[in-house]
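Residue numbers (this note's numbering), protein chains in the order written: chain A, 1 to 384; chain B, 385 to 768.
Treat the hints with care, since some could be wrong.
[Unchecked claim] No farther apart than 25 Å at their CA atoms in a straight line, the calculated lysine to any residue pairs in the SDA-like style are these:
| # | chain 1 | residue 1 | chain 2 | residue 2 |
| --- | --- | --- | --- | --- |
| 1 | B | K447 | B | L437 |
| 2 | A | K314 | B | K698 |
| 3 | A | K56 | B | T697 |
| 4 | A | K314 | B | F426 |
| 5 | A | K19 | B | D724 |
| 6 | A | K56 | B | Q720 |
| 7 | B | K698 | A | V41 |
| 8 | B | K444 | A | K56 |
| 9 | B | K440 | A | P319 |
Quick caveat, the hints were computed from the structure, so don't treat them as lab data.
Below are the chains, spelled out letter by letter.
Number of protein chains: 2
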Amino acid sequence: MSVTFAKGFAASGVACGLKTSGKKDLAVVVNQGPLQLAAAVFTTNRCQANPILWSKEVIKDQKVSAIVLNSGGANCYTGPQGFQTTHATAEALANHLEVSSSDVLVCSTGLIGEQLDREKLLDGVKSAVDTLSHDGGVVASEAIMTTDSVAKRAEAESPSGWRIGGMAKGAGMLAPGLATMLVVITTDAVVGSAELDSALRAATRVSFDRLDSDGCMSTNDQVTLMASGASGIAAQLDEFQELLTQVCKELALKLLDDAEGASHNIHITVEGAASEDDAVEVARSVARNNLFKAAIYGNDPNWGRILAAVGTTKAEFDPYNIDVAINGVLISSNGQPAGDRGLIDLAPRKVEININLNVGVDFATVVTNDLTHEYVEENSAYSS
Amino acid sequence: MSVTFAKGFAASGVACGLKTSGKKDLAVVVNQGPLQLAAAVFTTNRCQANPILWSKEVIKDQKVSAIVLNSGGANCYTGPQGFQTTHATAEALANHLEVSSSDVLVCSTGLIGEQLDREKLLDGVKSAVDTLSHDGGVVASEAIMTTDSVAKRAEAESPSGWRIGGMAKGAGMLAPGLATMLVVITTDAVVGSAELDSALRAATRVSFDRLDSDGCMSTNDQVTLMASGASGIAAQLDEFQELLTQVCKELALKLLDDAEGASHNIHITVEGAASEDDAVEVARSVARNNLFKAAIYGNDPNWGRILAAVGTTKAEFDPYNIDVAINGVLISSNGQPAGDRGLIDLAPRKVEININLNVGVDFATVVTNDLTHEYVEENSAYSS
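Please work from the sequences and hints to get the whole structure.
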């Protein structure tokens, strides 16, 4: 049910011809209220696509009536013409829905530097409005796919009756190109605007922000949370935060799991850190180390590459008092080998790296994929 | 002639059995004076191999009689036993040469976490001393090779008569494993100790430090410069700096050119920057972007990936006023496409990326390789 699992939302997904394959490439999600609140987080890349520039303005008052998402083109570095296309898309949807275009978010994903076909896009908006449905969550989740092999959806329901639903596409080596991550989450809980914003930021910080498939940051990333209040039930904030975080983590892991070019999901947990920031910095450094990621592809427990990556960070630690375990086998400790690397089985898709810095009590996990032939293949053959 | 091109140096290279292939794996370079000055720069990785820990102490008084380098093992994360092996290596060479072990530098390269065979190593030191020669530069340069397909040497001579010679191994995707870069440069010029140190730092800053093949930093990198004063000629400092930098750049480009897994050498020049640091930060960000590097492998001028990498930096620029040219073709300007990507020929090995930030007059070039199937293959199959 995806984004229409929560009450007060209608959605649709259509093929408007942006994808040469003829597959669905345009999705719309409408918030029918009574609340029309939203919060969003955007890529921190300073080179931002036109839909990001547009949506950042729209979100300022936190009033959002609808969101329109297209695959088949990023609309980034397309100049004034590209921005006008984003604007026209929002206007078209707003006119059909009889709302203000300044309450319509726009997301795009695809190749940078190519103009979207505006006519096809606007025709698609009309078709999407014509097919809006309270069961449209599934088809919407399909329309935002690029090379995703499955659509990603997640849901959660509070015992008190309100719901959260979500859909996601992209991330890391999954998608060729810039691996844009587009996520839309809906809720029918009654939540205040400030709480909605802070809850989304807290949830993404420990979910999507810790998914680091290939270290490359897109120009188009956007995670949007819309609240309809249609359940009529005020959410307990603790519970809302918990279920929202759960939905975000579930979607993040589904992105990781569908990484087409990948043969391993690698969970890098750093513990014993002086701060959570230190733990994230160390885990991310390992997650971005090509030599380590290539070794995991080769089922090679090359722990030296883990420590070499740790050593490039500014985190607090004694380099000769770090414990490294791979899939539960302690393999290095006190600056020397500790275990039998022959005991480490890297055949399963899931790999667990545990790094104990032995200086504090903080911890964090970053998830990534291995570096594979298929990753190189997909990403060398995209636009040519 | 390599390190023996400069007068006052003897060198040798032998096979002592550290490499299972039976190839040469131990080199010695001896400074026969009258000066025995040296300077060195080391990896900034906080996880450092035993020879790095040792050599950092030896270099403190800048008096160095000899250097011994082994391939076939990094001697990193090998604990007290590993450190004792480094110490014993220096002691053995010192005893044979009748100098102090505290004037002997040690370098190692190979897999992390494996003990070196101390007996073979010490036997090798004796053989190396027995075969020291004023023509030994070539064989020494061969003995430090790992998967390098050719030995790397460079030389320069001042019209006033003093000389510089050098040898190098490793770097980036060239070498499997941690891509350790070991460099030894010799000179027979008469130079002061402070000048020697500052000249080496200035030269490495614009040569080896701007070679960023895969973003991975080794635990064993060391660049050493030894001065014998044997020419009897005091070098003009400007000229010394110029020729030293030239030798360092030549060796760095030879490392880049021999990258086994690579099919392109990519020169990323950032100009119009507000500072040299900004230019380096932007160039390095592009050099480390896997999506960009995979695209170049596929002969795909995917300039959007360049701008997306630029956008992740903190350098001063307006993201919508950056010029990007690939092999001389201006392909993006003013936040939109500028040229015909069909005009860009990526078939040659050398690729030139020019990025103009349009805010200042500073510039820098970082060189890297593409991300290829062969890189993944070599680095997934190293220790297993």
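Taken at face value, is the distance from the CA of K56 of chain A to the CA of K444 of chain B at most 25 Å? 55 Å, violated
Proposed proximity, Q720 of chain B with K56 of chain A (alpha carbon, max 25 Å): 20 Å, holds
Check whether the Cα positions of K447 of chain B and L437 of chain B lie no farther apart than 25 Å. 17 Å, holds
Given the hint that K698 of chain B pairs with V41 of chain A, does the C-alpha gap stay at or below 25 Å? Distance of about 20 Å is within 25 Å: holds.
Does F426 of chain B lie within 25 Å of K314 of chain A when you go C-alpha to C-alpha? It holds: about 17 Å lies between the C-alpha atoms, which stays within 25 Å.
Is K19 of chain A close enough to D724 of chain B, meaning Cα to Cα at most 25 Å? 22 Å, holds
K314 of chain A and K698 of chain B: Cα distance at most 25 Å? OK: K314 of chain A and K698 of chain B at ~18 Å, within 25 Å.
Pair hint outcome, K56 of chain A versus T697 of chain B [Cα-Cα no greater than 25 Å]: Judged against 25 Å, a Cα distance of about 20 Å means the pair holds.
25 Å Cα cutoff - pair K440 of chain B, P319 of chain A: 16 Å, holds
In terms of the numbered hints stated before, the structure departs from hint 8 and from no other.
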